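Fit chain B to the given chain A structure using the hints.
Read top to bottom, the protein sequences are chains A and B.
Residues in the first sequence are numbered from 1 upward in steps of one, following this note's numbering.
Residues in the second sequence are numbered from 1 upward in steps of one, following this note's numbering.
To be clear, the hints were calculated from the coordinates, so they are not data collected in a lab.
Some clues are possibly wrong.
Identical chains blur together in the list; that is why a pair holds if it fits in one copy or across any two.
[Said to hold, decoys possible] Simulated pairs of lysine to any residue, SDA-like, Cα-Cα distance not exceeding 25 Å:
{"no.": "1", "residue 1": "Lys64", "residue 2": "Gln13"}
{"no.": "2", "residue 1": "Lys7", "residue 2": "Ala89"}
{"no.": "3", "residue 1": "Lys126", "residue 2": "Ala79"}
{"no.": "4", "residue 1": "Lys7", "residue 2": "Val95"}
{"no.": "5", "residue 1": "Lys129", "residue 2": "Asp19"}
{"no.": "6", "residue 1": "Lys126", "residue 2": "Met1"}
{"no.": "7", "residue 1": "Lys64", "residue 2": "Glu10"}
{"no.": "8", "residue 1": "Lys63", "residue 2": "Val15"}
{"no.": "9", "residue 1": "Lys116", "residue 2": "Asp19"}
{"no.": "10", "residue 1": "Lys7", "residue 2": "Lys82"}
{"no.": "11", "residue 1": "Lys3", "residue 2": "Pro30"}
{"no.": "12", "residue 1": "Lys97", "residue 2": "Asp19"}
{"no.": "13", "residue 1": "Lys3", "residue 2": "Tyr117"}
{"no.": "14", "residue 1": "Lys126", "residue 2": "Leu112"}
Quantities reported herein were computed from a predicted structural model and do not represent experimental measurements.
Number of protein chains: 2
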Amino acid sequence: MLKSRVKLVENMQFVGTADSGHAVVMDAAPSVGGSNTGSRPSELLLMAFGGCSGMDVISILRKKKQDVTGFEMNVSGEAPDKHPRMYTAIHIEYVIKGRNISEEAVSRAIELSLGKYCMVGATLGKAAKITHSYKIIQE
Amino acid sequence: MLKSRVKLVENMQFVGTADSGHAVVMDAAPSVGGSNTGSRPSELLLMAFGGCSGMDVISILRKKKQDVTGFEMNVSGEAPDKHPRMYTAIHIEYVIKGRNISEEAVSRAIELSLGKYCMVGATLGKAAKITHSYKIIQE
Numbered sequence: 001m002l003k004s005r006v007k008l009v010e011n012m013q014f015v016g017t018a019d020s021g022h023a024v025v026m027d028a029a030p031s032v033g034g035s036n037t038g039s040r041p042s043e044l045l046l047m048a049f050g051g052c053s054g055m056d057v058i059s060i061l062r063k064k065k066q067d068v069t070g071f072e073m074n075v076s077g078e079a080p081d082k083h084p085r086m087y088t089a090i091h092i093e094y095v096i097k098g099r100n101i102s103e104e105a106v107s108r109a110i111e112l113s114l115g116k117y118c119m120v121g122a123t124l125g126k127a128a129k130i131t132h133s134y135k136i137i138q139e
Numbered sequence: 001m002l003k004s005r006v007k008l009v010e011n012m013q014f015v016g017t018a019d020s021g022h023a024v025v026m027d028a029a030p031s032v033g034g035s036n037t038g039s040r041p042s043e044l045l046l047m048a049f050g051g052c053s054g055m056d057v058i059s060i061l062r063k064k065k066q067d068v069t070g071f072e073m074n075v076s077g078e079a080p081d082k083h084p085r086m087y088t089a090i091h092i093e094y095v096i097k098g099r100n101i102s103e104e105a106v107s108r109a110i111e112l113s114l115g116k117y118c119m120v121g122a123t124l125g126k127a128a129k130i131t132h133s134y135k136i137i138q139e
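Just chain A, same shape as in the assembly:
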């Protein structure tokens, strides 16, 4: 059982904390009455997906002795503007920079993350169609 607590601070600003003890500030956009002091909750889902899959992929690439010098992901989501609004499509692009990076290792690491290990992706994948791509930048 994973637990978190989310507390109203003021206006539309909330602070969340969870088992690990770290706090996250969330706020709404000024256009809907917020003060933009923190992330939108909907943004956290995309960032969580990137973090979750990124941890899997980098772990696997390190085990495969890949010389990764930079790694980032671009995660975008579509959420049609009708109620109940939800993510219906999410694309994750992996950008791996390094020396003699094996494309097969990258492809396999992503496949293992998205197909097996990444809990955030598996959860979001029940609502959204998840697609991915990758770019390898050899240094």
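The following block gives chain B in isolation, referenced to the frame of chain A:
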């Protein structure tokens, strides 16, 4: 289209940013090779759900002229330990403190959030069975 970028900093630490410009630090637990410098990605889903629904509920209660003096949520999630692991059940408890708070207003606000407005809840609800409860503390 909502966009975010998640970048590896070091070891298992990632920093995410999204359209609103706010950054969130994520890290894994030491037991799996992380340094616990930030939230687990899986925790972000629960906090995002609390923030998303909390913004709806407090907005509606304010429109209904409810005198809320404190508001927090406890969000817990179950994710059975088999691959692909995902949230299968999430419970959100709303704790509203205030003066002459109408139980009907609270109940209706929650219903509107979970049934219509909260995008994070609608997304997670495709994977997990979402249940809720509320507690009103009259001051």
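Lys126 and Met1: within-copy, between-copy, both or neither at 25 Å Cα: Result: close both inside a copy and across copies, 20 Å intra and 19 Å inter.
Up to 25 Å CA-CA - Val95 versus Lys7, copy category: Between copies only: 9 Å across chains, 36 Å inside a chain, cut-off 25 Å.
Alpha-carbon proximity context of Lys129 and Asp19, limit 25 Å: between (29 Å within a copy, 21 Å between copies)
Copy assignment of Lys64 with Gln13, given that the CA separation must stay at most 25 Å: Cα proximity of Lys64 and Gln13: across copies only (19 Å, versus 43 Å in one copy).
Copy assignment of Lys116 with Asp19, given that the CA separation must stay at most 25 Å: within (24 Å within a copy, 29 Å between copies)
25 Å Cα threshold - placement of Ala89 relative to Lys7: between (30 Å within a copy, 21 Å between copies)
Copy assignment of Lys97 with Asp19, given that the CA separation must stay at most 25 Å: between (33 Å within a copy, 24 Å between copies)
Same-copy or cross-copy closeness of Lys3 to Pro30 [CA-CA at most 25 Å]: This pair counts as between: shortest inter-copy Cα distance 19 Å, intra-copy 29 Å.
Same-copy or cross-copy closeness of Lys126 to Leu112 [CA-CA at most 25 Å]: both (17 Å within a copy, 22 Å between copies)
Up to 25 Å CA-CA - Tyr117 versus Lys3, copy category: Answer is both: 20 Å inside a copy and 23 Å across each meet the 25 Å cutoff.
Identical-chain pair category, Lys64 with Glu10, by Cα at 25 Å: Between copies only: 18 Å across chains, 48 Å inside a chain, cut-off 25 Å.
25 Å Cα threshold - placement of Val15 relative to Lys63: Answer is between; shortest inter-copy Cα gap is 22 Å, intra-copy 36 Å.
Consistency note: the structure conflicts with earlier hint 10 alone.
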